[in-house]
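**Q** Each chain, written out:
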Amino acid sequence: MERRIYLDNASTTFVSSEVLEEMMPCFNVIYGNAGSLHSYGREAMAVVDKARDRIKTAINASKANEIYFTSGGTESDDWAILGVAHANADKGKHIITSQIEHHAVLNACHQLEKEGFEITYLPVNKHGLVDLAELLHAIRKDTILISIMAVNNEVGTIQNVKAIAKIAHGYDILFHTDAVQAVGVMSIDVQDMDIDLLSMSSHKLHGPKGVGALYVRNGVKIDPILFGGINQERGKRAGTENVPAIAGFGKAVEIAVKNHIINNKKFKTIREYFLEKLEEKVDHYQVNGHPHQKANSILNVSFYGIEGESVLMLLDLAGICVSTSSACTSKSLLPSHVLQAMGVADDVAQGAVRFSFGTNTSKSDVDYVIDELVKVIAKLRAISPIQAGRV
Amino acid sequence: MYSKKVMERFQNPRNAGTLQGANAVGQVGNATCGDIMKMYLKINDNGIVEDAKFRTFGCCAAIASTDIACDLIKGKTIEDALKISNKDVVDMLGELPPHKIHCSVLAEESIRAAIEDYYKRLEKASKDALKKTRKKPTK
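Top to bottom, those sequences are chains H and R.
Residues 1 to 391 (our numbering) are what the first sequence spells out, left to right.
Residues 1 to 139 (our numbering) are what the second sequence spells out, left to right.
Just chain H, with the same shape it has in the complex (with noise of 0.2 Å):
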């Protein structure tokens, strides 16, 4: 295998060299625990606040104490549905979510309803947009959440956050978004945007795995899901802080967010080239997602009659990396939740692939994925039992 071109971006990133450069020193040099009161706990305690103050900025946050630190997007998404679940079950015990939240919200809310809270899970429309109507519908006297992501991981769609969150505080109802995808891909100012809880990754930007945050407003009433430490995080997230994780997350961040205009050109540049020579080259397929509110990074094509796990492995033998649906559901046998919430048939459903692009995926990545692509749907074709034209 010569070549290898990695477009499955939206599963994870390379950690870049400059937060590498970051981290570095905080594995030898400063490696006391940021709870410890003499110099080396100090200084590892100064690299936490400078990354804490770098996220605050990044996403405007009015205060960096907003900032807790978290082992990553699944136990933010995990602390801010079952936190403000467990810390307001006394105003209401009903939430609402959308049929298209990662499983990191979906099998928190699953464990809710465990405990006696009612979910509900919202449809999506055809392009994966939550329609604002359905979410009025479904507000309740007794609901006290509202989290729909910002940027869906599996077809890029970007919600009306902004407007969901009105919505929400209109009825007093407190809002959190997903906005694991996000960061970097859109403008994120929690203050503009009026969103009380927001988990956020490290790994999708070039930062290490291991290590996210939730952004939680002040005064947000929401219940430790860790018991353990008393002090970290100031109560909240117990666990001694991972350091050098942590310096590498807010460098990553900072970049992220300072270069995602030009980012974005780069990828809608990109995607634009891949959709015209898939045009050119492919027939029978479908792109999955939304035609404009849609986050640049992501592609997500069917290719009807033939199924998407078959297309990943040969792609992978000519050294294209990529992933059916999102690289968590990778070992499901049942089509994406996504695709079927957006009302895709099964069969199409199964044929889906998604290609992530980073800032280095090139034009000539792109021709050599296409070719290889036609080679690959051609071989698959031709053994399927379902003719690709009739779909």
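In short, the hints are calculated from the structure, not lab data.
Be a bit skeptical, because a hint or two may be false.
[What the hints assert, rightly or not] Cut-off 27 Å, straight-line C-alpha distance, at most; resulting in silico cross-link-like pairs (DSS-like, lysine-lysine):
(1) R:Lys74 - H:Lys379
(2) R:Lys131 - H:Lys379
(3) R:Lys4 - H:Lys379
(4) R:Lys4 - H:Lys375
(5) H:Lys166 - H:Lys93
[Said to hold, decoys possible] Okay, the calculated beta carbon distance ranges per label pair:
(6) R:Pro97 - H:Glu276: 34 to 42 Å
(7) H:Gly210 - R:Pro97: 23 to 31 Å
(8) R:Pro98 - H:Gln99: 25 to 33 Å
(9) H:Val287 - R:Lys83: 27 to 35 Å
(10) H:Phe14 - R:Pro98: 40 to 48 Å
(11) R:Asn12 - H:Asp131: 46 to 54 Å
(12) H:Gly343 - R:Leu122: 40 to 48 Å
(13) R:Pro98 - H:Arg140: 35 to 43 Å
(14) H:Gly116 - R:Asp80: 51 to 59 Å
(15) R:Pro97 - H:Val287: 25 to 33 Å
(16) H:Ala378 - R:Lys131: 24 to 32 Å
[Said to hold, decoys possible] Example chain H residues on the side facing chain R (calculated, C-beta under 10 Å, incomplete):
(17) Glu307
(18) Leu380
(19) Ser384
C-beta atoms are modelled at their ideal positions from N, C-alpha and C, and glycine is treated no differently.
Based on these hints, arrange chain R on the given structure of chain H.
**A** Same frame as chain H, but now just chain R:
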């Protein structure tokens, strides 16, 4: 995740395609679970599977399982072909990941579906033959 044998069969299936003159065709599976398998057999007058081919919509394991199933039944009598189980398919493939075992089950079912179709055709043929022998009632 997949054994060498699965990948080898997935990349270069030996029995993929449609079989000219097939007299037994069976299809199993559905798009919801992600696999549709179609098995084509040519069974001779002595009840021996002379040739077998397949077409599959599905993952690597599904494609490899049907390809192996074709190998397993070629040259066998109908009776022996029906004895082939999903375990035989898995054994031939070396191994399958636990969540892909159902692919081998589908492969077994596709053999049965094709043989069922063969019997249906036989039944229809004998009925037709019987009809031809029926004499027109004399007025």
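**Q** Confirm or reject each hint.
**A** For each hint, the structure was consulted:
no. : hint                            : verdict
1   : R:Lys74 - H:Lys379              : 24 Å, holds
2   : R:Lys131 - H:Lys379             : 45 Å, violated
3   : R:Lys4 - H:Lys379               : 20 Å, holds
4   : R:Lys4 - H:Lys375               : 22 Å, holds
5   : H:Lys166 - H:Lys93              : 21 Å, holds
6   : R:Pro97 - H:Glu276: 34 to 42 Å  : 37 Å, holds
7   : H:Gly210 - R:Pro97: 23 to 31 Å  : 26 Å, holds
8   : R:Pro98 - H:Gln99: 25 to 33 Å   : 28 Å, holds
9   : H:Val287 - R:Lys83: 27 to 35 Å  : 47 Å, violated
10  : H:Phe14 - R:Pro98: 40 to 48 Å   : 31 Å, violated
11  : R:Asn12 - H:Asp131: 46 to 54 Å  : 48 Å, holds
12  : H:Gly343 - R:Leu122: 40 to 48 Å : 43 Å, holds
13  : R:Pro98 - H:Arg140: 35 to 43 Å  : 42 Å, holds
14  : H:Gly116 - R:Asp80: 51 to 59 Å  : 57 Å, holds
15  : R:Pro97 - H:Val287: 25 to 33 Å  : 30 Å, holds
16  : H:Ala378 - R:Lys131: 24 to 32 Å : 46 Å, violated
17  : Glu307                          : 5 Å, holds
18  : Leu380                          : 8 Å, holds
19  : Ser384                          : 5 Å, holds
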